[in-house]
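Q: Top to bottom, those sequences are chains A and B. Basically the numbering used here = 1-based index in the first sequence + 26. Basically the numbering used here = 1-based index in the second sequence + 193.
Please note that a few of the clues may not be correct.
[As the list claims (entries may be wrong)] Quick partial rundown of chain A residues pointing at chain B, CB under 7 angstroms, derived from the structure:
| # | residue |
| --- | --- |
| 1 | 72 |
| 2 | 85 |
| 3 | 86 |
[As the list claims (entries may be wrong)] Using C-beta positions, here's what the derived DEER-type ranges look like:
| # | chain 1 | residue 1 | chain 2 | residue 2 | range |
| --- | --- | --- | --- | --- | --- |
| 4 | A | 31 | B | 252 | 15 to 23 angstroms |
| 5 | A | 38 | B | 247 | 40 to 48 angstroms |
| 6 | B | 215 | A | 100 | 19 to 27 angstroms |
| 7 | A | 43 | B | 262 | 31 to 39 angstroms |
| 8 | A | 109 | B | 211 | 21 to 29 angstroms |
Bear in mind the hints are in silico, worked out from the structure with no lab data behind them. Note that the structure is a prediction, hence the values are computed from the model and not measured. We treat Cβ as the ideally placed atom computed from N, Cα and C, and that holds for glycine.
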Amino acid sequence: DQQVKQNSPSLSVQEGRISILNCDYTNSMFDYFLWYKKYPAEGPTFLISISSIKDKNEDGRFTVFLNKSAKHLSLHIVPSQPGDSAVYFCAASAIQGAQKLVFGQGTRLTINP
Amino acid sequence: DTAVSQTPKYLVTQMGNDKSIKCEQNLGHDTMYWYKQDSKKFLKIMFSYNNKELIINETVPNRFSPKSPDKAHLNLHINSLELGDSAVYFCASSRRRSGGANVLTFGAGSRLTVL
């Protein structure tokens, strides 16, 4: 039973435009949501997080939006740059979950020049 | 200076063999994890240790045995390897949270291929 889902396996965006990556979840006990970025042959690296009590968190070109009623979050990257080409993982943790992070299956983002 | 380092990076072995993957972190974190990324690309937690104590043990065959000699090291030993064990195994660490997101720092992964 996959509690965190990223339904788009891939996304292609023009350089300079906005990239929007989506994530859905089923567990209403999740209290934090995180986005990780992964380059080939490297481990995932932390990008940005959001608490379940907020609906938006911004860090430079990256903004995460949370819609609790829809159990949906999204990561916006603007403007998109070639270095943003990577696999993006959505993850979530529940305060009761012994600090376990549950990951989605990732979305491969390709930024075209 | 690598924060979370895993060895080996690549491992090719025959079915039935026993192998180990080692992990070390120099971040001073007190919690360490093993995650498995299978062919469908999901990252799934296997084990977690906090200060050498096992705190998460997901539904993993008992052929997999984690060992934490100290809080900076978490090794993964796999007995009687099977074809389905082929995957990328990621080690990670974090500081026990007291509010705020639990941010894990990952190693580069160890790709295991069982022939």
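Q: Confirm or reject each hint.
A: Okay, the hints, checked on the actual structure:
no.	hint	in the structure
1	72	holds (5 angstroms)
2	85	violated (13 angstroms)
3	86	violated (17 angstroms)
4	31(A) - 252(B): 15 to 23 angstroms	holds (20 angstroms)
5	38(A) - 247(B): 40 to 48 angstroms	holds (43 angstroms)
6	215(B) - 100(A): 19 to 27 angstroms	violated (38 angstroms)
7	43(A) - 262(B): 31 to 39 angstroms	violated (50 angstroms)
8	109(A) - 211(B): 21 to 29 angstroms	violated (41 angstroms)
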